[in-house]
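These are the residues of each chain, in order.
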Amino acid sequence: MARELMKGNEAVAEAAVRAGVEAYFGYPITPQTELLEYMSRRMPELGRAFVQAESELGAINMVYGAACTGKRVMSSSSSPGVSLMLEGISYIAGTEIPMVMVDVMRGGPGLGNIAPAQADYNQMVHGGGHGDYRPIVLAPASVQESVDLTVLAFDLADKYRSVAVVLTDGSLGQMMEPCELPPMQPLKTSFPEWSVTGSEGRERRSLSSINLDPSMQEEMNFRLMRRWQEVEANEVRYKEYFMDDAQFVVTGFGSSGRVALTAVRAARAEGIKVGLIRPITVNPFPIKVYAEIVKKVEGILVVEMNAGQMLEDVLAATKYQTPIEFFARMGGIVPFPDEVLNEIHRMVKGPLTTEGHPRDRWLNRTAHKK
Amino acid sequence: MQTEIIIAGFGGQGVLFAGQLLAYAGMDEGKNVTWIPSYGPEMRGGTANCTVIVSDEEIGSPLVRNPSAVIAMNRPSLDKYEDQVKPGGVLVVNASIVDRPVNRTDIKVVEVDANGIAEKLGDKRMTNMVLLGALLANLPVLPQAAIEKALKGHLPERHHKLLPKNYEALSEGAKHKAK
Amino acid sequence: MALNESEMETMVYERPEALTNGITHYCPGCTHGTAHRLIAEVIDEMGLRDKTIGVASVGCSVFAYNYFDFDFVQAPHGRAPAMATGVKRVLPDRIVMTYQGDGDLASIGMAEIVHAAARGENISVFFLNNANYGMTGGQMAPTTLPGQKTTSSPNGRDVETQGYPIKVSELLSTLDGASYVVRRSLHDAKNIRLAKKAIRMAFETQVRGLGFSMVELLSICPTNWGMTPLNSLQWLEEKMVPYYPLGDYKVHPAVAEIKI
Ligand SMILES: Cc1ncc(C[n+]2csc(CCOP(=O)(O)OP(=O)(O)O)c2C)c(N)n1
Ligand code: SF4
Chain A
1 MARELMKGNE AVAEAAVRAG VEAYFGYPIT PQTELLEYMS RRMPELGRAF
51 VQAESELGAI NMVYGAACTG KRVMSSSSSP GVSLMLEGIS YIAGTEIPMV
101 MVDVMRGGPG LGNIAPAQAD YNQMVHGGGH GDYRPIVLAP ASVQESVDLT
151 VLAFDLADKY RSVAVVLTDG SLGQMMEPCE LPPMQPLKTS FPEWSVTGSE
201 GRERRSLSSI NLDPSMQEEM NFRLMRRWQE VEANEVRYKE YFMDDAQFVV
251 TGFGSSGRVA LTAVRAARAE GIKVGLIRPI TVNPFPIKVY AEIVKKVEGI
301 LVVEMNAGQM LEDVLAATKY QTPIEFFARM GGIVPFPDEV LNEIHRMVKG
351 PLTTEGHPRD RWLNRTAHKK
Chain B
1 MQTEIIIAGF GGQGVLFAGQ LLAYAGMDEG KNVTWIPSYG PEMRGGTANC
51 TVIVSDEEIG SPLVRNPSAV IAMNRPSLDK YEDQVKPGGV LVVNASIVDR
101 PVNRTDIKVV EVDANGIAEK LGDKRMTNMV LLGALLANLP VLPQAAIEKA
151 LKGHLPERHH KLLPKNYEAL SEGAKHKAK
Chain C
1 MALNESEMET MVYERPEALT NGITHYCPGC THGTAHRLIA EVIDEMGLRD
51 KTIGVASVGC SVFAYNYFDF DFVQAPHGRA PAMATGVKRV LPDRIVMTYQ
101 GDGDLASIGM AEIVHAAARG ENISVFFLNN ANYGMTGGQM APTTLPGQKT
151 TSSPNGRDVE TQGYPIKVSE LLSTLDGASY VVRRSLHDAK NIRLAKKAIR
201 MAFETQVRGL GFSMVELLSI CPTNWGMTPL NSLQWLEEKM VPYYPLGDYK
251 VHPAVAEIKI
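Residue numbers (the working numbering), protein chains in the order written: chain A, 1 to 370; chain B, 1 to 179; chain C, 1 to 260.
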């Protein structure tokens with residue numbers, strides 16, 4: 001198929017259209033707005049639903065309603081807007097219905113700025129909304145991956161009756177890259193046994209997230225967690241580069257991962273045996289992959305565009321057995337590859353330790369620069 | 001092989017479009033490409049820039065500190081990017097409105113009266129094409145024919161009458177070789 | 001041309017003290033600047049500068065605190081009336097104002113503005129209605145006119161699927177808590193003078209403890225409307241004013257007695 005040069009935000013929108021999304025509800029916010037604008041044109045053209053809601057609160061609850069019918073539905077926003085949606089996301093998770101959410105992250109906290117950041121990792125991966133629910137979180141690092149993972153998000157959401165999140169950032173959203181779009185899928189014609197569609201010809205159904213009887217609510221929690229175990233068993237995805245003979249590893253997701261790739265290549269060119277692991281599912285997190293490399297490598301460098309949110313998951317996965325170093329830029333700054341390369345040099349030179357917290361070492365190193 | 005190009009100027013000078021053309025041309029030649037703009041309220045302030053990378057392998061960082069080449073379409077862009085060009089790299093300057101000489105001596109400098117040439121061709125909006133032509137004549141990233149093909153392939157039909165002028169602008173620019 | 005001394009000394013136009021010397025980031029011709037100036041002039045004339053606390057909203061005016069020279073806080077998108085309520089309730093003797101766009105106030109912040117008005121919160125709200133979302137690049141706002149093209153209503157606002165514009169002044173005027181609710185426009189000198197008077201009345205209402213006041217100001221957004229400032233002013237007069245009639249929508253009898 002022909003490759004098209006597309007902006008990340010628009011590519012995600014078109015991928016969703018082709019994955020059979022029947023309703024889009026959203027609210028403008030930079031750096032995500034092109035997605036909404038694309039949908040405002042494309043969805044009516046196809047006779048599908050598009051509503052610019054009065055707010056993210058409105059949008060997520062429109063999604064909630066539409067999702068109850070069993071159709072493929074989605075919303076998209078950027079960090080502050082996603083924060084507003086978390087109540088709705090918890091309700092959707094509590095009702096055990098599928099939806100796809102796209103978060104094009106920007107600098108925070110607060111209004112912050114519109115530059116690329118990755119500080120929604122915790123908000124998405126570790127909850128944000130109340131209660132024990134686990135959204136599936138996919139982290140693309142290119143426009144092509146944004147397309148592929150958007151389609152996958154719809155499939156996984158349906159399969160696990162789950163919230164599936166595509167976690168991108170301002171850089172991936174605004175960037176243009178060639179991509180191959182999937183074929184147009186036919187819209188769903190049969191709907192799951194829980195969908196609320198009007199009871200003509202069957203027993204009536206209802207959907208709700210309330211469970212006044214704690215033992216029933218506990219049962220529901222068990223169901224969610226057992227389903228999550230299945231997700232963990234089946235859906236872990238990641239990408240490795242130069243890992244065969246790697247003595248050191250750099251790891252980062254999304255944009256950080258691809259910046260790290262440039263640095264890792266430069267280090268390889270200098271003869272340093274360093275590899276890269278880029279998690280694609282940040283939830284479920286590729287725990288086993290990290291647990292395995294502990295046995296093989298001398299040190300791991302975690303690179304993020306936040307203050308070490310994924311770092312905690314890497315620490316948990318490696319059980320503090322291997323020296324871990326941390327490097328980050330925050331507040332909307334994307335690191336340059338040479339900054340990461342410097343950190344690789346520092347790690348290779350040593351000395352390395354498993355004592356103390358990598359974030360503290362990073363902060364202490366950074367403090368005297370300022 | 002990887003080549004990084006930053007194009008910078010005022011909004012309205014066709015900075016982003018020139019970059020997109022490069023990206024289209026690279027894609028059509030079967031290369032990996034990225035195009036990334038500066039975005040947001042900054043644009044209202046009147047400056048615009050984009051970074052284009054053309055590469056044989058999977059592209060990592062879409063931004064670079066030291067690009068292979070820069071097209072500076074105005075003075076603020078020259079001031080900002082002159083020092084960043086890789087040693088041995090190419091710096092194309094829109095000499096029509098940049099009122100100072102380039103200081104670096106370790107790079108190839110191409111000064112082009114791009115506004116003048118575009119006006120002579122009858123359309124001031126052709127300035128970006130003149131500079132792009134000059135860039136390609138001094139940087140072995142893509143042949144001019146690839147840009148011409150991209151223009152034809154990706155310019156909306158209704159603008160196709162402008163194609164010959166655009167080709168001419170590219171060729172006029174290409175007459176400029178680094179000193 | 002050389003000026004003689006007396007000519008040089010006749011200052012006819014000066015920056016109000018309540019405005020900083022900062023250069024605004026507003027687009028050329030944008031009426032946000034006009035609205036700032038009017039508010040600042042009134043604050044100067046009433047001597048309120050060191051008693052006033054502003055609440056900036058999220059929109060093109062997000063940096064209003066850089067342009068107004070008095071204390072300011074900045075609210076999340078739509079929540080300025082709630083933040084203003086918080087400030088006013090703990091500092092009842094200060095003058096509290098919000099400055100909000102139509103996306104901020106009439107879309108995401110509809111609950112906050114309605115309830116602030118319903119509570120008769122003793123604050124003044126300045127509401128810039130420019131029929132679109134300026135800061136995010138010209139999407140449809142609740143105030144976008146039927147048929148108006150925006151980046152999220154590319155074929156023109158279709159009232160069948162995208163609903164009808166909201167007339168905020170009319171809506172708030174139905175609330176018993178609202179004391180002074182009026183609509184003015186910034187499209188020519190006469191209307192600008194009338195707008196200033198209304199801003200004065202809003203502050204006078206608050207100073208006297210008479211409750212909630214709001215001045216809606218019809219405004220332009222040349223950048224996203226894709227028009228020159230001059231054509232924008234004309235479009236405002238020809239298209240917006242008929243849909244959003246200028247006038248006083250709620251004037252509490254106690255407010256009507258205020259003489260300025
Ligand atoms: C929760 C949240 N959602 C969305 C945004 C993005 N946003 C910033 S400004 C704005 C609209 C501003 O429009 P308006 O209030 O009409 O003011 P104008 O810019 O036209 O003056 C939006 C949607 C945000 N900052 N926060
Ligand atoms: S975008 Fe519109 S509202 Fe915002 S400053 Fe420019 S003209 Fe004014």
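Derived by calculation from the structure, the hints in this document are not laboratory data.
All values derive from a computational prediction rather than experimental measurement.
Incorrect hints may appear among the rest.
Taking lysine-lysine pairs in the DSS-like style, the calculated list, with each CA pair at most 30 Å apart, reads [as the list claims (entries may be wrong)]:
{"hint": "1", "chain 1": "B", "residue 1": "Lys179", "chain 2": "B", "residue 2": "Lys161"}
{"hint": "2", "chain 1": "B", "residue 1": "Lys161", "chain 2": "C", "residue 2": "Lys239"}
{"hint": "3", "chain 1": "C", "residue 1": "Lys239", "chain 2": "C", "residue 2": "Lys190"}
{"hint": "4", "chain 1": "B", "residue 1": "Lys80", "chain 2": "B", "residue 2": "Lys124"}
{"hint": "5", "chain 1": "A", "residue 1": "Lys296", "chain 2": "A", "residue 2": "Lys349"}
{"hint": "6", "chain 1": "A", "residue 1": "Lys349", "chain 2": "A", "residue 2": "Lys319"}
{"hint": "7", "chain 1": "A", "residue 1": "Lys288", "chain 2": "A", "residue 2": "Lys188"}
{"hint": "8", "chain 1": "A", "residue 1": "Lys349", "chain 2": "B", "residue 2": "Lys86"}
{"hint": "9", "chain 1": "A", "residue 1": "Lys273", "chain 2": "B", "residue 2": "Lys161"}
Hints, one by one, checked against the model:
| no. | hint | verdict |
| --- | --- | --- |
| 1 | B:Lys179 / B:Lys161 | 35 Å, violated |
| 2 | B:Lys161 / C:Lys239 | 37 Å, violated |
| 3 | C:Lys239 / C:Lys190 | 18 Å, holds |
| 4 | B:Lys80 / B:Lys124 | 24 Å, holds |
| 5 | A:Lys296 / A:Lys349 | 18 Å, holds |
| 6 | A:Lys349 / A:Lys319 | 23 Å, holds |
| 7 | A:Lys288 / A:Lys188 | 35 Å, violated |
| 8 | A:Lys349 / B:Lys86 | 27 Å, holds |
| 9 | A:Lys273 / B:Lys161 | 55 Å, violated |
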